[in-house]
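A.B. asks: Listed below are the residues making up each chain.
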Amino acid sequence: MIRSVPRSRWFDGLYLAYLVAFFVYLALPLTVTAVFAFNDAPFPSLPWKGFTLDWYLADGSAGRTGLFHDDSLLSALWVSTRIAFWVTVASVALGCVNAVLFERLEFRGKEFLYLLMLLPLVIPGVILGVSILVFYSGMANDASRLWGVELDVFRPGMTLVVMGQVTFIATLATLVIAARLRKFDPQLEEAALNLGATPVVAWFTVTLPWLMPSILGAAAMAFLMSFENFNTTVMLTGSDTPLTVALFNRLREGSTPVLNAVALLLMVGSALLAVVAMGRSRDNA
Amino acid sequence: MGIESDLFCSNLVRRFGSNAAVDHVSLDVPAGTFFSILGPSGCGKTTLLRLLAGFDRPDEGDIHIRGARMNDVPPNRRPVNMVFQHLALFPTMSVGDNIGYGLKRQKVPAAERRTRIARVLEQVGLPGMENRNPGELSGGQRQRVALARCLVLEPTLLLLDEPLGALDLKLREQMKIELKHLQKAFGTTFVYITHDQSEAMVMSDQVAVMKDGRFEQVAPPEELYREPATPFVAGFVGDNNRLAGELMAVQDGLAELRLDDGSQVRGRLGQTAPPIGERADLFIRPESLVLGGEALRPEYSALRASVTATLFDGANSRLEAESSGQTLYARLPQDGSAPRLREGASVQLAWDPMLARVFAAGAA
Amino acid sequence: MNAGAGRLSLWLLLTPFLLWIVLLVLLPHLQMLRVSFQVRESWDTLAWGLEQYQNFFTESYYWRTFVRTGVMSLFTTFLTLLIAFPIAWYIARLARGRARGLLFLACLVPFWASELVRTYGWMILLRESGLFSSWLQALGWADGPVEMLYNDVAVIIGLVYNGLLFMVVPLVTTLDGMDENLVEAGYDLGGNHLTVLREVVVPWAMPGIVSGCIVVFMLTLGSYLTPILMGGKDSAWFTEQIFTQFITRFNWEQGAALGVLLLVLSSIIVWLGLKLSGQSLRKVMG
Numbered sequence: 001m002i003r004s005v006p007r008s009r010w011f012d013g014l015y016l017a018y019l020v021a022f023f024v025y026l027a028l029p030l031t032v033t034a035v036f037a038f039n040d041a042p043f044p045s046l047p048w049k050g051f052t053l054d055w056y057l058a059d060g061s062a063g064r065t066g067l068f069h070d071d072s073l074l075s076a077l078w079v080s081t082r083i084a085f086w087v088t089v090a091s092v093a094l095g096c097v098n099a100v101l102f103e104r105l106e107f108r109g110k111e112f113l114y115l116l117m118l119l120p121l122v123i124p125g126v127i128l129g130v131s132i133l134v135f136y137s138g139m140a141n142d143a144s145r146l147w148g149v150e151l152d153v154f155r156p157g158m159t160l161v162v163m164g165q166v167t168f169i170a171t172l173a174t175l176v177i178a179a180r181l182r183k184f185d186p187q188l189e190e191a192a193l194n195l196g197a198t199p200v201v202a203w204f205t206v207t208l209p210w211l212m213p214s215i216l217g218a219a220a221m222a223f224l225m226s227f228e229n230f231n232t233t234v235m236l237t238g239s240d241t242p243l244t245v246a247l248f249n250r251l252r253e254g255s256t257p258v259l260n261a262v263a264l265l266l267m268v269g270s271a272l273l274a275v276v277a278m279g280r281s282r283d284n285a
Numbered sequence: 001m002g003i004e005s006d007l008f009c010s011n012l013v014r015r016f017g018s019n020a021a022v023d024h025v026s027l028d029v030p031a032g033t034f035f036s037i038l039g040p041s042g043c044g045k046t047t048l049l050r051l052l053a054g055f056d057r058p059d060e061g062d063i064h065i066r067g068a069r070m071n072d073v074p075p076n077r078r079p080v081n082m083v084f085q086h087l088a089l090f091p092t093m094s095v096g097d098n099i100g101y102g103l104k105r106q107k108v109p110a111a112e113r114r115t116r117i118a119r120v121l122e123q124v125g126l127p128g129m130e131n132r133n134p135g136e137l138s139g140g141q142r143q144r145v146a147l148a149r150c151l152v153l154e155p156t157l158l159l160l161d162e163p164l165g166a167l168d169l170k171l172r173e174q175m176k177i178e179l180k181h182l183q184k185a186f187g188t189t190f191v192y193i194t195h196d197q198s199e200a201m202v203m204s205d206q207v208a209v210m211k212d213g214r215f216e217q218v219a220p221p222e223e224l225y226r227e228p229a230t231p232f233v234a235g236f237v238g239d240n241n242r243l244a245g246e247l248m249a250v251q252d253g254l255a256e257l258r259l260d261d262g263s264q265v266r267g268r269l270g271q272t273a274p275p276i277g278e279r280a281d282l283f284i285r286p287e288s289l290v291l292g293g294e295a296l297r298p299e300y301s302a303l304r305a306s307v308t309a310t311l312f313d314g315a316n317s318r319l320e321a322e323s324s325g326q327t328l329y330a331r332l333p334q335d336g337s338a339p340r341l342r343e344g345a346s347v348q349l350a351w352d353p354m355l356a357r358v359f360a361a362g363a364a
Numbered sequence: 001m002n003a004g005a006g007r008l009s010l011w012l013l014l015t016p017f018l019l020w021i022v023l024l025v026l027l028p029h030l031q032m033l034r035v036s037f038q039v040r041e042s043w044d045t046l047a048w049g050l051e052q053y054q055n056f057f058t059e060s061y062y063w064r065t066f067v068r069t070g071v072m073s074l075f076t077t078f079l080t081l082l083i084a085f086p087i088a089w090y091i092a093r094l095a096r097g098r099a100r101g102l103l104f105l106a107c108l109v110p111f112w113a114s115e116l117v118r119t120y121g122w123m124i125l126l127r128e129s130g131l132f133s134s135w136l137q138a139l140g141w142a143d144g145p146v147e148m149l150y151n152d153v154a155v156i157i158g159l160v161y162n163g164l165l166f167m168v169v170p171l172v173t174t175l176d177g178m179d180e181n182l183v184e185a186g187y188d189l190g191g192n193h194l195t196v197l198r199e200v201v202v203p204w205a206m207p208g209i210v211s212g213c214i215v216v217f218m219l220t221l222g223s224y225l226t227p228i229l230m231g232g233k234d235s236a237w238f239t240e241q242i243f244t245q246f247i248t249r250f251n252w253e254q255g256a257a258l259g260v261l262l263l264v265l266s267s268i269i270v271w272l273g274l275k276l277s278g279q280s281l282r283k284v285m286g
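Protein chains in written order, with the working numbering: chain C, 1 to 285; chain G, 1 to 364; chain X, 1 to 286.
So here's chain C without its partners, still in its complex pose (with noise of 0.2 angstroms):
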């Protein structure tokens, strides 16, 4: 079972085995989706008919419109950045807080609050953009019917979906920055006041850089999260579409290898991102 208790062959070959069909699995969707982008085809079905570019490039005018031509998609991929852009920096910057605040400080009810602050993890992201639509949309609904005011910042669109994203994601970034905060010795914040910094240099130049990491990583799978949103994101969109959902609403219309396309574009860019933050955090380590 460990490398020092002896096994037997066939256990070996049979692990080995198992081991190769487990990535097959977790490969091969992806790879299909993949390939089929480049399939010169109008479905994204055997046989192969030959490589092309189309669905990327062509401009519509011989009947197939390629991504970059496709302006509904570019515009539904343009309000996705803007989106997780915006969750990312509110994410990432409660995070920073809510670790300093869990990890550093010392009050009464803290284990309490903290398992509040876990709590978004625990219930389903339906239910999140449920609620959440619910609490503002309504409150815009009554304030129109009642007052006469129209709070249109709390109807569906791009700022309910950032709260609603917020919500969890902000959970997923303080727990990985309060794991490296966790790892900081104080002691060096006592050395940097020590050397004649005031409180607020040795936060900057002695703590933040080690907590540079950790925020480079959690910003970056804030990023990934919320562009990938679909559970959440839906309940709460108005007529901004995001990506996920508009890829949902063609793909229900049925598919075309644009979506291939759609798709491996994101998973490149998710790809580089992942690589991107891992690489950096590593250089910090």
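Do not rely on the hints blindly, as some may be mistaken.
[Said to hold, decoys possible] Only part of the chain X face toward chain C is listed, based on derived beta-carbon distances under 8 angstroms:
#1 42
#2 46
#3 87
#4 112
[Unchecked claim] If the Cβ cut is set under 7 angstroms, some of the chain C residues that face chain X in the computed set are:
#5 23
#6 56
#7 122
#8 231
[As the list claims (entries may be wrong)] Heads up, simulated DSSO-like pairs for lysine-lysine below, C-alpha to C-alpha not over 27 angstroms straight-line:
#9 G:176 <-> G:211
#10 G:184 <-> G:170
#11 X:233 <-> C:110
#12 C:110 <-> X:275
#13 X:283 <-> C:183
#14 G:211 <-> G:180
#15 G:180 <-> G:170
Honestly, the hints are just simulated from the structure, not real lab data. Just so it is clear, the structure is predicted and the values come from calculations on it, not from any experiment. Just so it is clear, CB atoms sit at the ideal spot from N, CA and C, and this is done for glycine as well.
Got chain C sorted already, so can you dock chains G and X onto it with the hints?
C.D. replies: Just chains G and X, lined up with the frame of chain C:
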């Protein structure tokens, strides 16, 4: 108060709840001294050091550094630097940036900073190491970087919080000597706290022995060893044998003790004389014990004991013997002068009473 | 630091936290609970009542879907654990050096694509005109196109796929921290593979197992895309009904009630899981 002293404290008190971790401590450290505070863990020495560095505030008493009162000065404005127990080198900065950190806070221009960093690195024996990462250095090198980081600021006072504790034995021996040389070379006043008496003895000009928040004795190492003022110091500093008995008589500063098996021994009376008939302890160092068979001087006090074991350890070889239920250790010289002794053999242990100390019992 | 400054910095840090928790979590959920007890009498008059919950219990379609979703989520979680454990064990204990890092990275790969993309990939593979069907025909094992999509097995394949990463990572983390001497001692004292696994390894890995199971269960229970896109006509998922109430029928009161029920179900199962395994949420998640 001492005008030329670098550090002067009067009646410092720091309480945690009802327990006084530092209990009316006064100290006066002249400029350029290596001053050690020696005590077992939990004696309050770390608390005292944190009061000096400004990470904690005294409940009573004053701290003066070069004549200036420090009580309300925050840690970043005190002319005091500290080498932390685990060194606290900033892991996100290079060696050079670590050392330059304090200079940068003093707004020293970059060019001057570079030359001062280079110079101090040379002084601690790490020339050209500016761009290394603290994580790549050996334990001894990290130690030196931590020292350089403080010394480059030319502090009035350097506090050291058991910085050698994390090193292995051999390196520790080497660093002890090196620290002493560095202190002499820089001329900075060092306040060094430790629980390791050998560190304190080897390096210090003055040692304060601390127990339960109070100073038991402040003296140069030799005096501590030869003239312990209290039974605690006698027992804590250096190896010592303790013989418990009853005080019979005092004559010319020499006390006569009757041990529980009836034998009588003599030793010089310590500072506090217990009344006749009270319990008392006699302390005698292993190297002061002479094995029987050698020519005994008449004034010597002697005792019969039975050998339980011989413990060979090179120059530190010892004999373990038992007398009236008490275990005694005597040094066994390895120059061939010691007799060969078997387990259970009866032996006579003798000593010059002037080298033994008698204190009232129970105090240690 | 004096007491005044300490209090000030505490409040400074506490305020954003409280705003987040109160405005985005507590108030919205309380409001959802409130709305679920409302009954719409006309377009602008509301009354209090239990009608929404009565509907749930009288309409067998609702509670059948509810039970089905719960049971299938539990089953998916269990299956994910079974599949992930040997993989995590291999990565944490048997693989060495580069292989180890690469394998771990490979487990993270599906996470780089969103749930929608992953589901889409499975659709391309499993549907009637999909790859598996074509391959089967090419191999001569099937005469005509085979539909493998739109059934419960397909849904579970997709759900397990979504959850794997969240099971493997905590398992690897806990197993990695285990001292191999523990296992050696287990064998040395006369244990075999099975007893050592049961009495040494599993108790050690319990925090990781529980953490992985909670996350996978929550994801599965709350998932929408996979069951919708891969499930058949009979494999409705409870989240789907919440969506329908809110998006299609604009019946917020009924939707809120269904939401509360889903939340209660997930809370009870997470709580039970923690109790049965003797773990605490703080230890498992924090």
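A.B. asks: Checked against the structure, which of the hints given earlier come out wrong?
C.D. replies: 1, 2, 6, 11
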